[in-house]
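Quick note on my numbering: the sequence shown kicks off at 1 and runs consecutively.
Do not take every clue at face value.
To be verified - DEER-style ranges, computed between Cβ atoms: (1) 12 x 48: 15 to 25 Å; (2) 27 x 67: 17 to 27 Å; (3) 1 x 72: 12 to 22 Å; (4) 72 x 20: 15 to 25 Å; (5) 2 x 41: 46 to 56 Å; (6) 60 x 1: 26 to 36 Å; (7) 30 x 72: 25 to 35 Å; (8) 48 x 17: 15 to 25 Å; (9) 25 x 69: 19 to 29 Å.
To be clear, the hints were calculated from the coordinates, so they are not data collected in a lab.
Here a beta-carbon is modelled for each residue, glycine too, at the ideal position from N, C-alpha and C.
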Amino acid sequence: MRRHTQRAMQVLWAAFLTAAAAELVFFSIFDPFELHFFGRPLDWSRQAIYALGFFGFWGLGVAAATLALMLAGGESEAKHLPPDEDLV
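Just need the whole structure built from these sequences, with the hints factored in.
Structural data, given as structure tokens:
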């Protein structure tokens, strides 16, 4: 259980930092009041749009970090691999 908690915190923390950076870049380029959703302007406050954007970026970051962690495999899988051989 502890290992799963540690992995979850690694994913969530990496995604949090990614979301913060993505929000900084995205909203430095786009004004929240100029964004449209399905052709209609968003009638929300600036803070609500920032919050929604952050949680959207955080969700994408969680998905990306989880996929990367799954594709990398765990240490238990690495123990079953044959040793690296120098190819010359």
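Each hint tested on the structure:
Here the CB-CB span from residue 12 to residue 48 is close to 23 Å, well matched to the stated 15 to 25 Å. Distance hint check: the CB atoms of residue 27 and residue 67 are about 25 Å apart, consistent with the given range 17 to 27 Å. Distance hint for residue 1 and residue 72: a CB-CB separation of about 21 Å, consistent with the stated range 12 to 22 Å. In this structure the hint that residue 72 and residue 20 lie 15 to 25 Å apart at CB holds, the actual value being about 23 Å.
The supplied range of 46 to 56 Å is met by residue 2 and residue 41, whose beta-carbon atoms lie about 47 Å from each other. Distance hint check for residue 60 and residue 1: the Cβ-Cβ separation is about 27 Å, which falls inside the suggested range of 26 to 36 Å. Restraint check, residue 30 to residue 72: a C-beta distance of roughly 33 Å satisfies the suggested window 25 to 35 Å. For the pair residue 48 and residue 17, the supplied restraint of 15 to 25 Å holds, since their beta-carbon distance comes to about 23 Å.
In this structure the supplied range 19 to 29 Å holds for residue 25 paired with residue 69, their Cβ-Cβ distance being about 24 Å.
The structure meets every hint from the earlier list without exception.
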